[in-house]
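**Q** The primary structure of each chain is shown beneath.
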Amino acid sequence: MGTWSRFNIASIVLGFGFLYLPIVLLVIFSFNESKLVTVWAGFSTKWYTQLWHNQALLDAAWVTIRVALISATCATVLGRSPHWRSFASRVFVVACCFPAWSMRRS
Amino acid sequence: MTRVASALFSRLVIIIPYAWLLFFFLIPFFIVFRISLSQTAVAMPPYTPVFDLFGGLSGILEKAREFSFDNYVWLTEDVLYFNAYVSSVIIAAVSTVLTLLIAYPVAYGMAKAPKTIRPTLLMLVILPFWTSFLIRVYAWIAILKPEGLLNQFLMSINVIDQPLIILNTNWAIYIGIVYSYLPFMVLPIYSSLEKMDHTLTEAALDLGCTPFTAFWRVTFPLSLAGVVAGCLLVFIPAVGEFVIPDLLGGSETLMIGKTLWNEFNANRDWPVSSAVATILLLILVLPIVYFQNAQAKADSEGK
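Heads up: the sequence lines are chains H and P, in that order. Okay, so the first sequence: first residue is 14 according to the numbering used here, each after it adds one. Okay, so the second sequence: first residue is 545 according to the numbering used here, each after it adds one.
Note that these hints are calculated values from the structure, not bench results. Please note that a few of the clues may not be correct.
Among chain H residues calculated to face chain P with C-beta under 8 Å, some are [unchecked claim]:
id, residue
1, Thr16
2, Trp17
3, Asn21
4, Ile22
5, Ser24
6, Ile25
7, Gly28
8, Phe29
9, Phe31
10, Leu32
11, Pro35
12, Ile36
13, Leu38
14, Leu39
15, Val50
16, Thr51
All C-beta atoms in this analysis are idealised placements derived from N, C-alpha and C, irrespective of residue type, glycine included.
Could you put together the complete structure from these sequences and hints?
**A** Right, here's the structure in full:
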């Protein structure tokens, strides 16, 4: 379209700012010396060191990666429906949304 | 031989979606519905009657007589459930409108962006899903609480001198839902705006429309399919939302997801919570059916 007005740019900046603010804050406060998320007590990488020595967490991360790989593979095979435009596939897509919505939380 | 094999294969491929629907939607739903007709019991599982598969047909029929709609009657007698349904629908509707108001300008800006950076912007909308939903909601607790980052910021620039109480109110729930479901609204609106022929807007402007009228009478109606899709993608899960009201909401917020969780876990009343879930599904099926019809209509008009 080529006509990117100031309003468009402002809404994109504000929208993405809203979307990324909590994530950026999480990253910043992961380098916090203090345990609190609201008080900045100086830069430190101690939480990352602790993470590296926490075997239970690393194991959990590995299980997560395996589960994700297997389920993504299965979903790709199952999701490749040949009749995307048919009514049945639409019902199917909507029905698939139910478990997807609930799985997103965990 | 290969033809037979490929015919067989295509049959099989068609069966998969139906099998999926059967095993992961219909059967679980009937299990829930069947529990909703039972009575609570201090037992394992905590309801009666429990079918004995080896008891023969007469045994099953005998036990099926114990089914009743008492739990549904109970739901109408206690005003708590009605209030929870109504307030869930209201909270979900307000959040959906707020999400739409924020998402539309973003999607519109994305669709107007130079072609080269559109894929990057699209990626940026999807990217938040790669961090845990729960962690992002926890981050909002840190931002919104009375001594949190938002209040620290507002007080340091002297906008307020008393901390705003946002956490544990309905406002926190609105913020949480709008934040969590924003991409679900942006993506369908963006895809319908991107497909739009922008010469139509130019024609409207040439023929004397003001930019706003051109937007309201040309662009917006053409993006309506995306708006409807986005609203339903936000509204439907928001009605049954449990995590956001539990973490961000206060004691005054009554949402059906939370009520259901309490019935199921705190009260251990599986039959009543199943009845709550069945009615919730019925409430949600109506917009889905409407959405399907609207979609089918839009498709047939497009052809």
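**Q** All hints are to be evaluated individually against the structure, with a verdict given for each.
**A** Here is how each hint holds up against the structure:
Interface hint at Thr16 of chain H: satisfied, since its Cβ lies 7 Å from the closest Cβ of chain P, which is below the 8 Å cut-off. Given hint, Trp17 of chain H at the interface with chain P, holds; its Cβ is 5 Å from that chain's nearest Cβ, closer than 8 Å. Interface hint at Asn21 of chain H: satisfied, since its Cβ lies 4 Å from the closest Cβ of chain P, which is below the 8 Å cut-off. Interface restraint check: Ile22 of chain H against chain P, minimum CB-CB distance 7 Å, threshold 8 Å, status holds.
With a least beta-carbon distance of about 3 Å to chain P, the hint placing Ser24 of chain H at the interface is held under the 8 Å criterion. A distance limit of 8 Å between C-beta atoms decides the matter here; for Ile25 of chain H the minimum to chain P is near 4 Å, and the interface restraint holds. The criterion of a C-beta within 8 Å of any C-beta in chain P is met by Gly28 of chain H, whose closest approach is roughly 3 Å, and the hint holds. For Phe29 of chain H, the suggested interface contact is upheld, since its CB lies about 6 Å from the closest CB of chain P, less than 8 Å.
The criterion of a C-beta within 8 Å of any C-beta in chain P is met by Phe31 of chain H, whose closest approach is roughly 7 Å, and the hint holds. Nearest Cβ of chain P to the Cβ of Leu32 of chain H: about 6 Å, under the 8 Å cut. The hint holds. Interface hint status for Pro35 of chain H: upheld, as the beta-carbon distance to the closest one in chain P is roughly 4 Å, under 8 Å. For the restraint placing Ile36 of chain H at the interface with chain P, the shortest Cβ-Cβ distance is roughly 6 Å, inside the 8 Å limit, so the hint holds.
Because the beta carbon of Leu38 of chain H sits about 6 Å from the nearest beta carbon in chain P, less than 8 Å, this interface hint is met. At a threshold of 8 Å, the smallest CB-CB gap from Leu39 of chain H to chain P is about 5 Å, leaving the interface hint in force. The interface hint given for Val50 of chain H is met, as the beta carbon of that residue sits about 4 Å from the closest beta carbon of chain P, less than 8 Å. Restraint check, Thr51 of chain H versus chain P: the minimum CB separation of about 6 Å is within 8 Å; hint holds.
Checked against the numbered hints given earlier, the structure satisfies every one of them.
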